[in-house]
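Protein chains in written order, with my numbering: chain A, 1 to 309; chain B, 1 to 253.
Worth flagging that the hints you see were computed from the coordinates, not collected in a lab.
Computed footprint of chain B on chain A; a stretch qualifies when at least three of its residues, placed anywhere within it, have a C-beta under 8 Å from a C-beta of chain B:
hint, stretch
1, 53 to 64
2, 75 to 86
3, 106 to 115
Each residue gets a CB set at the ideal place from its N, CA and C atoms; glycine is no exception.
Okay, here's what each chain looks like letter by letter:
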Amino acid sequence: MSPPIIAIKNVSKTYATGFEALKDINLDIEKGEIFALLGPNGAGKTTLINIICGIVTPSAGKVTVDGHDIVTDYRAVRSLIGLVPQELTADMFETVWTTVSFSRGLWGKWENPAYIESVLKGLSLWDRKDSKLMTLSGGMKRRVLIAKALSHEPSILFLDEPTAGVDVELRKGMWDNVRSLRASGVTVILTTHYIHEAEDMADRIGVIDKGELILVEDKAELMHKLGKKQLTLQLHQALDTIPAELEGHHLALANGGSELVYTYDTQGPRTGITGLLTDLSQAGIRFKDLDTTQSSLEDIFVDLVRRDR
Amino acid sequence: MNFPAIAAIYKFEMARWGRTFLQSIVSPVIATSLYFVVFGAAIGSRITEIDGIAYGVFIVPGLVMLTLLTQSVANASFGIYFPRFTGTIYELLSAPISAFEIVIGYVGAAATKSILLGLVILATAWLFVPFKIAHPLWMVGFLVLTAVTFSLLGFIIGLWADGFEKLQLVPLLIITPLTFLGGTFYSISILPPFWQTVTLFNPVVYLVSGFRWSFYEIADVSPAVSLAMIGVFLAICLAVVWWIFRTGYRLKS
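Same shape as in the complex, but just chain B (with noise of 0.2 Å):
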């Protein structure tokens, strides 16, 4: 094992993100604000209570999950992009390093980036709503497990892309729609039983539902099924991730 490659990767990426913490954290921190002041306050007063928890506090691990996506996606496929854009990523190919490495070390940092976001969305949320955690190791496992699976899928997309609107593509068609529709602002329970079952085909709901139980309890799915949608998808990405590195799919001529 390469642990000195490993080490140097992550300790890049981390650089690479320290350069604009500021934005970083500043950015998600106002955007999560306006969502409980529109969702929480505006539309919360009428929307008393779902499963009877408060609106305000019901919408908390959907905001998390949100930005550990959409973060997730974004800082994880930006790191691998980036280096195919500017040419460097010969050093990567030609350094004694092996696929899992490569991937531990992008994927580590784009994680750890999203996971540490995710805290600060809580810590805001706090500010506006008193929220209780009742599996805090659940919820600490669905959190770092989410967060590997989107910087997996981050890793793939910025492997795939090939140029910058590919780049923005997935997360902008895909991700956020996903998000948007997998449960984060209510409880799929409200909606109509032909959508409902649709909106099982919408791996967001799994990840959002198992989050929220480790919050609160409640969940529109079981948190095993929850568990074991985030390992098949985690699965699959991993799949896909070595199949590239062994075709060179992208990266090798």
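Excised from the complex, chain A in its bound form (with noise of 0.2 Å):
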């Protein structure tokens, strides 16, 4: 297995204020994913991803990229990176074009017209590049930034919510952009309140918690370890009570008494769900329609959380 393209060791960060913002999070990133770090707000997210682009200096602990060390080895490590931040930041009185090409530059680029224009064109952005970024909308202003992250064309791409404020179809058009990034080599790491896109777009998922990381694994292993099944029975007679035969299969009753809620485990070697089936005909109890549900990354990212608490 080749060596992580960013490994965090140690890491932890106490503001001047004393607020504890990270807790001793180890946590590697491999090369070509992408990872995306979930977190209620104010969870260390963005502390983290300022860590490791050399915006906050950690408190304790180390961090390499590609093998380089961020303190020591700066250039080699900022060279990698591209970053989106989550505020709107923007030089008012600038062009897009300007601003764009301006990053390049800070990247140790020398300009290259044709480059900047590939990006502006894939980013919907070409025909405002002369617009000055006080006049464009706040979605527009997203993807400038996200231009500009991409502007020296990094192996290595930090979103931190690249989407918010972007409206649906662009949004699906950025993600179709992180995706050919991903093809073509780049590591992205993201975060994002709009979970359902961690779920379509990661390979691998971070949760973290009151600066400490609470979860990292495998998007398809975690959905399969801690996603649950409903089946959702709608009955022909409400039920006051759930009948002492069944109580066995731990169901709860939900609408006024009108549907029986059965909850299993996927990973489980049996559903039980012939055995309820079987103990509802003995009981008596009839229904006219059945439905299952899957629990979304959504709902395990709100249980997790949760059960941190």
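Starting from two chains that each stand alone, build the complex the way the hints lay out.
And the structure:
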């Protein structure tokens, strides 16, 4: 197995105010993957990203990027990284073209109008290249920030809430861009509040809460391990209580007693559905319809964070 | 050395200045013309000569210094404060660029702007009074050194300020009074002995004196002392900038 592109060892951060934003974080990011870092507001996601990118100084620990230390070998590290920050920061009086070209220069690359043109076209910004940033909508400004991050051809891309304020169609286009970046070998680390986006995009998921990394897991594995399925039976006759002979199935009543909900583990050797249906028949409970639902990453995330509180 | 980054910052800052070029040039030219009308024609008619130099001619180096100091501080402080204010400073902090390269870009652009303005002031002054420059190379040397030093000071102010009020505070309350009291419009030899001694604590005296010497070979203090004082001031500013980037003061949390 190749060494991780980013290795975070025992990283902690306590701000001058005394707020402990990160507590002993250990995390490896693999080359070429899309890693989604999830967590509630103030969990420490942005602090962790900012530490790797050189914007925040860690209180303890060590981070290496492609084998280079982020402090002693900062040039090598930062030249690999593109960052799309969460805040919509912009030089209001500059044009799209100027600000994106400026970023390319900062990262040590001489001007390349053809490349900048391709980036702007890819983000549907080409026809606004001469517009001042102050005239752009929030979604367009967000795309300008992405263009700035891509302007220097990074091999690692941090996307901190990249789709906040972007409309659905453009959001889809942005994720298509991210997929093609990944296909070209770029490692992507993203945070998002739209957890279904992480579910669609990520190879691995990390959940951070109150400064602690509470879970890092392959997405498919996570969905398999922590995902639950529910079977909902719509009854002919509503029940007041669950009959004693069905207690062993851990059922719940819903919708005023007209629905019987059975939750089962997707990972278990048996679902227990056959036994349930037999017992229902013996108890004389008839149903007119049924459906099953599977928990989403959002449900898993909410469960994890709640459990941690 | 990240040359594309230095070039990018320099170009970006010069372009920002270019957008307000007319205002940047017209305003100092009008101010200089007014100084000549008030100090040269009105007051100058009563003060005929200082150290054998016509008063109108005598004030030319001081006027150039006045513009040079205020513009250097204003340009450099705004240049670095604005990205802090808008939040775009994150790019500078996360780019593969050293503190030294950032300083070259911002201070270089600020110094270039103020030197160009200084030359415009000289050209304007030429329309009012015929002056000579005895040591053109020294004149350029003092001009560049002063512009760089005060641009560094402006850069420090831009990093220190946490609001537009503070950004204006130092130029208004310190730089402008020191410039006016630093022999811009007079020779300190005309002051009473006590105030002459007090004035020697004003660093601007050395800048104006050295610069004036390069024009007319007259000086309140020795040109060597002037040069040394600019050197000391430059070293102090460099040390402060180095400390700011080393500690991340006002930049990193």
